[in-house]
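So the protein lines, in turn, are chains B and D. Anchor point for the first sequence: position 66 equals 66 in UniProt numbering, and the numbering is continuous, going up by one each time. Anchor point for the second sequence: position 171 equals 171 in UniProt numbering, and the numbering is continuous, going up by one each time.
Be aware that a few hints might be false.
As the list claims (entries may be wrong) - Covered stretches of chain B, going by a simulated chain D footprint (3 or more residues, C-beta under 8 angstroms):
no.	region
1	19 to 32
2	56 to 69
3	185 to 191
4	205 to 214
To be verified - From the derived model, a few chain D residues whose C-beta atoms are all more than 12 angstroms from chain B:
no.	residue
5	Arg7
6	Thr14
7	Thr57
8	Ile73
9	Glu74
10	Gly185
11	Thr213
Derived from the structure by calculation, the hints contain no laboratory data. Where is the CB? At the ideal position from N, CA and C, for every residue including glycine.
There are 2 protein chains.
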Amino acid sequence: MAGPRTRHAHATETRELILTTAERLFAEHGVAAVSNRQISEAAGQANNFAVGYHFGTKTDLVAAIVRRHAPSIERRRTDALAAIQGSQALRDWLGCLVLPTTEHLASLGSPSWYARFIAQATTDPVLREIVIGETQASPSMPAVTDGLKRLMPVLPADVVAERGDMSRHLIVHVCAERERALQEGSPTPRATWEGAAVGLIDALAGLWQAPFTATK
Amino acid sequence: MAGPRTRHAHATETRELILTTAERLFAEHGVAAVSNRQISEAAGQANNFAVGYHFGTKTDLVAAIVRRHAPSIERRRTDALAAIQGSQALRDWLGCLVLPTTEHLASLGSPSWYARFIAQATTDPVLREIVIGETQASPSMPAVTDGLKRLMPVLPADVVAERGDMSRHLIVHVCAERERALQEGSPTPRATWEGAAVGLIDALAGLWQAPFTATK
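With the sequences and hints as input, model every part of the structure.
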């Protein structure tokens with residue numbers, strides 16, 4: 001008979017397997033198109049309610065996938081911030097926005113599914129709140145936003161918000177499209193994730209430094 | 001008994017009603033989450049197979065929604081191109097990229113659903129091919145891309161492709177997020193679609209003019 005320690009290890013393993021399977025299926029077919037039952041089956045669970053048992057609702061499962069990746073991204077952002085402390089260079093601060101994600105994706109190897117999962121979830125009318133909420137819970141993110149605001153004192157608050165949203169859209173969807181192209185073997189504008197990050201930082205530097213037009 | 005002309009008018013009306021209903025449901029719940037049966041019911045069709053009868057598969061329905069908006073956007077782009085013939089100003093060419101979409105959205109009134117529908121569909125792993133294909137079928141689009149290339153002779157082809165993709169992501173997702181905020185009554189960085197277009201053109205001007213870093 002299995003002791004409590006073994007049962008605990010087994011449950012952790014099952015949870016991991018469900019998270020990996022769900023992330024792949026969500027990235028491949030869209031979050032709304034995949035049922036908890038299909039995930040349980042694809043994860044080889046005899047019990048069709050395994051997802052519900054281990055995670056609760058689909059919303060809870062999506063939040064769990066986001067939280068599985070969060071520590072690696074958060075650690076990279078904290079390190080990046082420590083390394084550029086006091087810098088006046090816009091590219092350094094944009095690096096803190098871009099590199100934690102692209103480096104994390106590079107560390108996952110190919111095929112990865114996380115970038116497409118995030119693109120799917122942030123476009124979903126219901127799940128976007130959860131994903132954006134989990135992302136904004138990052139303790140290091142406000143430091144990056146503050147750094148950008150300090151470097152761009154001329155920008156009105158609305159334009160800072162506008163360009164912050166635009167930066168998020170660019171990072172999420174450029175990474176998702178690159179991840180898909182890598183898996184399909186289709187051409188990409190940059191050979192590596194490192195290159196993709198450079199392309200994003202170039203573009204974002206232009207975007208943030210662009211003169212702004214006030215509108216009513 | 002209804003004559004052939006009346007029956008034809010009735011079928012056209014039903015098709016319109018199904019398209020409007022499907023677009024709204026797709027925007028609200030995600031394309032994958034909505035079945036043809038649910039659309040038939042929400043459109044008040046006694047026959048649950050009305051969508052299949054009038055449009056075929058869900059993919060055909062998505063293509064039909066895209067084609068319903070295409071002529072208005074295409075006409076606006078053709079007019080905009082004619083108006084800036086020979087211009088050397090980057091903002092003029094970026095206007096041809098941004099304004100046909102934002103002006104079309106403004107013309108739909110609020111709530112509109114088209115921007116969210118397009119964001120959903122272009123993020124869907126299967127439908128994105130159809131939507132991007134329908135969009136690229138626009139006869140006026142290559143003229144805009146060529147104009148941008150001519151103005152930016154220093155950019156390598158890969159960087160032109162990279163920034164073209166980035167421009168598409170920005171327009172699609174800024175418009176979708178604005179459309180959602182308008183319906184929810186949440187704050188937006190710009191008061192009008194005209195203002196949103198100005199913000200996009202400002203940002204894209206910076207993005208396209210940004211110095212590029214070559215990577216291996």
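Now for the hints, and whether the structure bears them out:
1. 19 to 32: Coverage by chain D holds here, the residue count being 6 at a Cβ distance below 8 angstroms.
2. 56 to 69: Not satisfied, violated; 0 residues make the cut.
3. 185 to 191: As far as the region 185 to 191 of chain B goes, the hint holds, because 3 residues have Cβ atoms under 8 angstroms from chain D.
4. 205 to 214: It holds, with 9 qualifying residues against the three required.
5. Arg7: Holds, because the least Cβ-Cβ distance between Arg7 of chain D and chain B comes to about 36 angstroms, which exceeds 12 angstroms.
6. Thr14: Non-interface label on Thr14 of chain D holds, nearest chain B Cβ at 26 angstroms vs cutoff 12 angstroms.
7. Thr57: holds, 15 angstroms
8. Ile73: holds, 20 angstroms
9. Glu74: Its Cβ never comes within 12 angstroms of chain B, the nearest being 24 angstroms, so this holds.
10. Gly185: holds, 16 angstroms
11. Thr213: violated, 5 angstroms
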